[in-house]
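Chemist: Generate coordinates for the entire structure from the input sequences, incorporating the hints supplied.
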Amino acid sequence: MSIEKGNLSIHSENIFPIIKKWLYSDHDIFARELISNASDAITKLKQLSMMNEATIDENTKFQIDVVLDEQAKTITFSDNGIGMTDEEIKKYINQIAFSGAEDFLAQYKDKSDKEQIIGHFGLGFYSSFMVAETVEIHTLSHQKNAEPAIWRCDGGTEFELEKGHRQTRGTEITLHISDDGKEFLNEYTLRSTIQKYCSFMPYEIYLTVVGKEPSKDDEGNVIIEEPKPLNTTTPLYVKSPSECTDEEYKEFYKSTFKDYKEPLFWIHLNMDYPFNLKGILYFPKLNTEFDTIEGQIKLYNSQVFIADNIKEVIPEFLLLLKGVIDCPDLPLNVSRSFLQNDGFVRKISNYISKKVADKITGLFKTERETFQNFWDDISPFIKFGGLKDEKFFETVENIYLYKNLDDQYVTLDEYLAAAADKHENKVFYVSDVLQQAQYIKLFKDHDLDAVILSHGIDSAFMSMIESKKEGVSFVRIDADINEHLVEAETMNEEEKKEATEKLQEMFVKALGQENLKMKLEPMKSESLSAMIVLSEESRRMQDMMRMYGMNGLDPNMFKTETTLILNTKHSLVKHLIENDKIEASTKSLICEQLYDLAMISHAPLSSEAMTKFINRSNTLLLKLI
119 MSIEKGNLSI HSENIFPIIK KWLYSDHDIF ARELISNASD AITKLKQLSM
169 MNEATIDENT KFQIDVVLDE QAKTITFSDN GIGMTDEEIK KYINQIAFSG
219 AEDFLAQYKD KSDKEQIIGH FGLGFYSSFM VAETVEIHTL SHQKNAEPAI
269 WRCDGGTEFE LEKGHRQTRG TEITLHISDD GKEFLNEYTL RSTIQKYCSF
319 MPYEIYLTVV GKEPSKDDEG NVIIEEPKPL NTTTPLYVKS PSECTDEEYK
369 EFYKSTFKDY KEPLFWIHLN MDYPFNLKGI LYFPKLNTEF DTIEGQIKLY
419 NSQVFIADNI KEVIPEFLLL LKGVIDCPDL PLNVSRSFLQ NDGFVRKISN
469 YISKKVADKI TGLFKTERET FQNFWDDISP FIKFGGLKDE KFFETVENIY
519 LYKNLDDQYV TLDEYLAAAA DKHENKVFYV SDVLQQAQYI KLFKDHDLDA
569 VILSHGIDSA FMSMIESKKE GVSFVRIDAD INEHLVEAET MNEEEKKEAT
619 EKLQEMFVKA LGQENLKMKL EPMKSESLSA MIVLSEESRR MQDMMRMYGM
669 NGLDPNMFKT ETTLILNTKH SLVKHLIEND KIEASTKSLI CEQLYDLAMI
719 SHAPLSSEAM TKFINRSNTL LLKLI
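So for the sequence shown, this note's numbering puts the first residue at 119; every next one is plus one.
Derived by calculation from the structure, the hints in this document are not laboratory data.
Treat the hints with care, as some may be off.
[Said to hold, decoys possible] With a cut-off of at most 27 Å between alpha-carbon atoms, the simulated DSS-like pairs for lysine-lysine come out as follows:
hint, residue 1, residue 2
1, LYS587, LYS473
2, LYS635, LYS730
3, LYS314, LYS403
4, LYS620, LYS540
5, LYS429, LYS509
Modeler: What follows is the structure, given as structure tokens:
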């Protein structure tokens, strides 16, 4: 075959700048595309062999080799697949965007399994020009009496095609790396790139570094190392769940995500109809705060990595998990980087969401104790799912658990049933166990219960439940005085009015708060002197202002008044009511101290208030000497 020269069949002389700057967002994509093409070449040959249209030695080991020569500034990708004739090169390489995979499928549509072919578009090869100044192809077709061919191009619109010298079936693509791609001449970078995109490719991938010094033992002897592939050709998720052990699931998790904490549990997805989807979703041990949770869902297309956390496919709330999903039916665009066909993608997303909801619901019903052990770790995820996905909520609404004051896990229905004779359809909750310890003790002393809702997502979660469950309301434990905490009034109406006015004047003068709101109540607990309550409505308003960064607004716009409750059964409060001979300074100290003691159980004191509280405590102690 004589040297042939010609022009690439393209519609624009600017095709390569478009490929470099628009079609592929990341330069490292070239490794994925070239190795995917090599994998396709092997798959095509195997399929032709099964159809008796190609002959393969039964001992053939199919593999993909990548050779890095830093000195020569080249990276070579080779396979022992189907190979190409010079006519096929003209058709599949010179005519940009004519897909070899599509043409192969059209020719053998009744005989081949199209889902095993990775390539879809024919542009993948040209991603090599993002990092190479010149590209060479050395190839020999599987066809009998085929002649080897060499193709080369420097990234312009011209190519050279001539007879080659390759002796074995397959294709070898050599990239002469440009300055734009010099980072990939580093072994670690190239190895990491291949492992990023091709960890689960169906054929073994080997990396050889030309001129690399061999490893030696302590005595200087060369260590003969068996070459190891960079990938796993049969990842766990392609197997049937019945073939996988717990240890294999855990090991796959550790190796894939480099997370050496064991996952809580997992869901193995395995679907063939109406679309092909396989994968494993892991529930990791989550952090305590919602905003620090970072999951990772790796999306694959026919064992080729596409991207992490694609929100069109993975429901947003599932992005808190870690996992691998492989869907050959994904409608990717030409660069295999983005999705098209929203309706189909939405069906995939809904399926994944349903499988997760079914899994955790089944776990609750069949292994509730195990489910309860996981609850603190998975509750943010399940709550977030309910907030984001109506169908997900409908499936899981009856399995939300609440930890009560006795550290027991109960459902909403179980809590309401137990408290029906005390507060119908009202759920008392604690947002800070330490801060609200005094209120918790009050409740427990009087056989009242509350649930712990201390996570950042719980404010939105409670509002959602209130909107879904008619008549149910959540009230923080310090939002009001529960009738079960108060005894029958011992003072008549006139006496109570006089005592209230007296203490109101006393506290306003001591605290300097003209608008202080105060109530007197005969609490059952004589050890509690005072407490602060804030209505649930006001607290929700405060939370909303904080959430939307509205703290700088005029505070009078949304009034959130607290109420000071003074216990008329407590000795100090009695003393203030009944004794008119207390020194003014001491009376002021007692009022301020009672107020701060009540505030400490309600919310953290400001630095200034805490300083005053400490100094005042010292002053009061000195009076005891």
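Chemist: Would you mind marking each hint as holding or not holding in the structure?
Modeler: Okay, the hints, checked on the actual structure:
no.: 1; hint: LYS587 with LYS473; in the structure: 25 Å, holds
no.: 2; hint: LYS635 with LYS730; in the structure: 22 Å, holds
no.: 3; hint: LYS314 with LYS403; in the structure: 24 Å, holds
no.: 4; hint: LYS620 with LYS540; in the structure: 34 Å, violated
no.: 5; hint: LYS429 with LYS509; in the structure: 17 Å, holds
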